[in-house]
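> The lines below spell out each chain.
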Amino acid sequence: MLCVVRNLIFSCAFLLAFGFAVLLPARSTHRSPQEEPQSTQQPTAPTAPPAVPTGPVIILDPGHGGIDTGARGAGGVAEKDIVLQVARTVRGQLSIQGYRVVLTRKDDSNPTYDDRAAVANAYREAIFVSFHVASTGASGTVRAYYDQFSAAAAPQSMPRTTMRSLAPLAGSLVVWDQAQGPYFDQSRRLADVIQSQLARSFPGSPQQSTGASVRTLRSVMAPAVAIETSSISVSTPDALVGAGGLLSSAIADGISALRQSSAAGAR
Amino acid sequence: MPRGLKIVLVILAVAVVAGLLSLRTLRRRLHGLSESRSAEEQARHAVLAPPISTPTDVTVTAQIFWADGPDKVAPVEVNLPLSADPVERSRQLLQTLIANPPTDGQRTLPADTTLSAFYILSDGTAIADFSDAIASELPSGILSEELAVNSIARTLESNVAGLRRLKILIHGQEVDTLAGNVDLTGFFDLTSIPASPTAAATTGASH
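As you go down the protein sequences, you meet chains X and R in turn.
In terms of the numbering used here, the numbers along the first sequence are unbroken and rise by one, the last being 267.
In terms of the numbering used here, the numbers along the second sequence are unbroken and rise by one, the last being 207.
Next comes chain R alone, as it looks inside the complex:
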């Protein structure tokens, strides 16, 4: 074998080994970056959506609807300090729904979702305005999107009295769908469950 060819082969072999080593390092670095990004997102979430407490908070047993299997939501009883004001109460409930599922498997909304605004109109229409993450980070599909909407609707319905229907906005806008399938242009009914006197608060304020 000519000497030149040997030198080229050795250089190539060294380059391959060096590449493999750097690939491993790169992968480790990428993993570290993704972890730090996740921690960063959690920190941002904590800043953007700090726990809400109001002077009228009373600890009650609320029913939060998280996933119970792949295709339905079920209530989980949680002791929460909830406001008497229906708007604040709704915000507290939705924040709990997003941030504190008992397990990751029961999560119905992406962890990075924040509730940007919440209003209740005088006719009992609740308007929930979520951040983009609710759409961009939710797995696409009728099943997962319907589960997400149901968890929001049923949680509000079970714990806040006087709500008739729900409108979901994303980043302040009406959008066609949640993540490509479920229609968000209409209103979701909040009167399918008879109001529970123990869990419900009085409704009066409108924003």
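Bound-form chain X, shown alone:
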């Protein structure tokens, strides 16, 4: 008799425990909106979602590096060090503006020309900007270059359409040495806009961009320009390094103008 009563008590206890375990969560999941617990905190203003970088990836290429010092100034100032600092400054400025920015070198390494181009070619939509410092030229002037050699490889009477429509068709082969060809027109427009900004920011700079056979640009499958500041012969490199802010603005304007013209062409 005692055993029966004890088993009955255990069974009731088990059933009660089972009932709580199953039913309570079910109740809580079906809570009505009125049953929502009132927060004790003050409602906060909706925060803006973090800026998602859109548009092309900006590839910044600090020229030279490693044993290739580039131009050398008095006191041992090397072009490779100055352009790396400039590229870092420009990266910071463009990132603030919401651009995705990638550097072809982040230290004193010396990627090959093809390695640098490959960084840009890995992205579906990119813009390539290579930084240099000249040995010559009036101090404080800056020049934007597009690849003149690519004019020969550029398709004739190319329609001014969107960036992507200028890219080679998927699955088609691209001659590596002529990869810049389809982008010749865009590169020249980009260089023109950047140069017009540079002429305003750096008095004495040319009004128009220059076509030159710049080796770094040849294999880039994207609009590509080189920007060269004069000159390494300045007494202190601070002025050269400090130009990064103004260069960022000119590059941002160039990218913006290129995207607008591409969008207009697409319409």
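Everything labelled a hint here was simulated from the structure, so no lab data went into it.
Warning: the hint list may mix true and false statements.
[Claimed, not checked] Non-contacting residues of chain X with respect to chain R, defined by C-beta distances greater than 12 Å in every case (computed): (1) Arg88; (2) Thr89; (3) Arg91; (4) Gly92; (5) Ser95; (6) Asp107; (7) Gly137; (8) Val214.
[To be verified] Coverage of chain X stretches by chain R, computed from C-beta distances (three or more under 8 Å per stretch; other residues unrestricted): (9) 61-74; (10) 195-209; (11) 237-250.
[Claimed, not checked] Some, not all, of what chain X presents toward chain R, calculated at C-beta under 10 Å: (12) Gly55; (13) Tyr99; (14) Ala212; (15) Gln260.
In this text, all values refer to a predicted model and were calculated from it rather than measured experimentally.
Backbone N, C-alpha and C define an ideal beta-carbon position, used for all residues, glycine too.
With chain X fixed as given, assemble chain R onto it according to the hints.
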């Protein structure tokens, strides 16, 4: 002050004075060496690149493109005895371009550069093979390298008829760049200026 310390200080002072004196002498000697090296290079240049003269030389007014400011080249009219043979004519022109700029500021190619070889193919392709100095002694930079190439290309284009494009070799080899920036793997166009009948010679020979 102990006597030993005084002796050491005197010896040190004498050593410093002697060092300063020898430094001055060394500097003078180094300067002399660099001057003699420059003279030596000039002499070597004269031996390696003697003036070219051919039986068909006629003195004409040639247009040699030297630097006109930091970022462009401009023609300078020079009276030169030039050969009727386009290869020899081209060599004469390029030698003048290297050796005789009106001023040092107008120089576009290093003084020690020599033209090792020059060929013209039947399709109008000119091949100019320069010594290493054109790369090793040229100031690095897109601006200076482009100026150098332009001065060569425009000088040939203006004075030798029939040339279509230019290939630049260094020490007999195709190289990636001139001095780190300008692409030498391709051909430079020599047809941007309409041929001038007064300055141009007939082209026929190919090498």
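> For X/Val214, is the shortest CB-to-CB distance to chain R above 12 Å, so the non-interface label stands?
violated, 6 Å
> With a cut-off of 8 Å between beta carbons, are at least three residues of the stretch 237-250 of chain X near chain R?
That given contact is violated, which follows from only 0 residues of the stretch 237-250 of chain X lying within Cβ reach (below 8 Å) of chain R.
> With d taken as the least Cβ-Cβ distance between X/Gly92 and chain R, does d exceed 12 Å?
holds, 25 Å
> Please check whether the stretch 61-74 of chain X has three or more residues whose CB lies within less than 8 Å of a CB on chain R.
Held - the stretch 61-74 of chain X has 6 residues with a Cβ nearer than 8 Å to chain R, which meets the minimum of three.
> Are all beta-carbon distances from X/Gly137 to chain R longer than 12 Å?
violated, 4 Å
> Let's test the interface hint: is any C-beta of chain R closer than 10 Å to that of X/Ala212?
holds, 5 Å
> Far enough from chain R: is every CB of that chain over 12 Å from the CB of X/Thr89?
holds, 21 Å
> Would you check whether the claim that X/Arg88 is not at the interface survives, using Cβ distances to chain R and the 12 Å cut-off?
Holds: least Cβ distance 21 Å, greater than 12 Å.
> Can the hint on X/Gly55 be confirmed by a CB-to-CB distance to chain R that is less than 10 Å?
Not OK, violated: X/Gly55 not within 10 Å of chain R, min 27 Å.
> Should the label of X/Ser95 as a non-interface residue stand, given a Cβ cut-off of 12 Å to chain R?
holds, 27 Å
> Holds or violated: X/Gln260 as interface residue toward chain R, Cβ cutoff 10 Å?
Violated. Min distance 28 Å.
> Are all C-beta atoms of chain R more than 12 Å from that of X/Asp107?
Check passes; 19 Å lies beyond 12 Å.
In summary, the numbered hints that this structure violates are 7, 8, 10, 11, 12, 13 and 15.
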